[in-house]
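Colleague: From first to last, the protein sequence lines are chains A and B.
Under this note's numbering, residues 1 to 125 are what the first sequence spells out, in order.
Under this note's numbering, residues 1 to 374 are what the second sequence spells out, in order.
Just so you know, these hints were derived from the structure itself, not from any lab.
Errors might be hidden in some of the hints.
Among chain A residues calculated to face chain B with C-beta under 7 Å, some are [unchecked claim]:
#1 L14
#2 M15
#3 K25
#4 G27
#5 L110
Even glycine gets a Cβ: it sits at the ideal position worked out from N, Cα and C.
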Amino acid sequence: MGLPKILVVEDEALMLKALEFRLKKDGYDVYTAKDGLEGMEQINSQRFDLIITDIMMPYIGGLELLSNVRNNRETRDTPVIILSVMGIEQIVLQGFELGADDFVTKPFNLSELSIRVRKYLKQVV
Amino acid sequence: MKDFILHIWDYLREIFVVRLPSFPIAIRCALFLIVFFTTAIAELYIFIAVQRRFLYYRLQRDTIWKNKFSNILGNMIVYGENETNEAIVQHFLPRFERMSIHRSSVRRILVQQLLEYRESFSGNTSQVLRDIYLGLNLDQYPKKKLRSRLAKDKAAAIRELSLMQVPGLVDLISAYADKSVDVANVDAYSALLRLDKVNPLGVLNTIQQPLSDWGQLMLFDAIIKTPGINIPAFSTWLASANDSIVLLCLKLIAHFQQHEAIPMLLNLLAHQNVEVRVWAVRVLGKLEDPLCEGELVTIYPNESLIVKSEILGALGKIASGEQIDFLRSCTTAPEFEIRNKARELLKAQEKSGTMLSNNTVDSNGVLHHALNGF
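Extracted from the complex, chain A is given alone in its bound form (with noise of 0.2 Å):
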């Protein structure tokens, strides 16, 4: 069985990077998107066991990327971690309302997202 395959979605090229180095530094096969629609095609050609998604994102933003995650048979059961900016309350509801499994907020503890990613993947192997 191979590694776990993480999906992260995020506009920001630097938060990008970070999370890309510290994922695969933690053991998982990590693949990046740098906006919703490249996430969604990705999401479209594979099967990932984790997707960590930005919310504001050019052309599809991260509430909608997940609401079609979970529309999707194929994908519906994925979890999925959403980075949002703090003091957005609202999109917080909207996005657990969707079907999110986890929220980080901005600025946030890469150790704490650590944790959490292994916890989610922990249930799914």
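Place chain B on chain A using the hints.
Modeller: Chain B alone, transformed into the frame defined by chain A:
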């Protein structure tokens, strides 16, 4: 092709050199203008082409530096979890020092990335980023910019220094707060909120200048997002002589749902500033306390249209069902906006079932009449 160009050249030479003296003055002037503007347009095109080339090279160069820095920062973020911050900084600082950070263009890229990461991460990562920033003495440049005459530069410097929590910054920034109404002012207030560990909200007592909507938004953002601030009762500032502070605190009361502020909010319904009254009513609506409804209905007849409309909005949010008769009376108000809003509220309350419990058979008839067409 060569013959054609030579032919054109000969033709132009004949007109502008050989035959020019024999032309009337008007033709000569026209020819001079043609030469002048043709040359100007050619120069403009050359200038744009050169600029584009420079921009292209600069972008290429910036991309290389961005990649170099992001790789080092990425490695730094995942470097030995069991290492102390000091050890991580000692390991990575020489790498940054070897880069050409004495060049402002390169330094700008590094600072931008450090700030971006610092905004996104907390915990050890954030601390290491700050230590790297201070270890490279990058704080000296924004400190110099604080003396700039340009408010934009000053504001950027304050933002950078506050985000990096440079030591001794509170005293430095206090000097810039409330000196004049400019963008740096609001950034100075926000920075004080983030940096002053003893009394972060003391800044609300010192602000004398009226804050713009944007300024209020910046402070609101700083207050709700700064970790570690003990949120006080914002009703303390509702008696402030500075109306913009009162407005800011009203928004904060609504955000933090401070119900204990309701008596003070009711006092504000008699405030002379209509904007304060509008916000006081709006916040009472957001707090959804049915005990306020009576007071709102009492002040309604003597209020301006904007406050009346806000009162209806607040009653719609509270929706206790006690003010159905009042809302019905509003459906025949002379102002279209009021009539419309009252009908919408009645419709919403009917849908939610609030009215059913408080309605008589007679009043149902009036209601159906009021909702006719909705």
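Colleague: So, as I understand it, the hint says L110 (chain A) touches chain B; can you test that by seeing if any CB pair is closer than 7 Å?
Modeller: Status holds, d = 6 Å.
Colleague: So, M15 (chain A) near chain B? Judge it on the closest CB pair being under 7 Å.
Modeller: Hint on M15 (chain A): holds, closest Cβ of chain B at ~6 Å, below 7 Å.
Colleague: K25 (chain A) was flagged as interface toward chain B. Is the shortest Cβ-Cβ separation under 7 Å?
Modeller: This hint holds: K25 (chain A) lies near chain B, its Cβ roughly 4 Å from the closest one there, short of 7 Å.
Colleague: Per the CB criterion, is G27 (chain A) less than 7 Å away from chain B?
Modeller: It is violated, given that the least Cβ distance between G27 (chain A) and chain B is near 12 Å, above 7 Å.
Colleague: Can the hint on L14 (chain A) be confirmed by a CB-to-CB distance to chain B that is less than 7 Å?
Modeller: For L14 (chain A), the interface hint holds, since the closest Cβ of chain B sits about 5 Å away, which is under 7 Å.
The structure fails to meet hint 4 from the earlier list, while all remaining hints are met.
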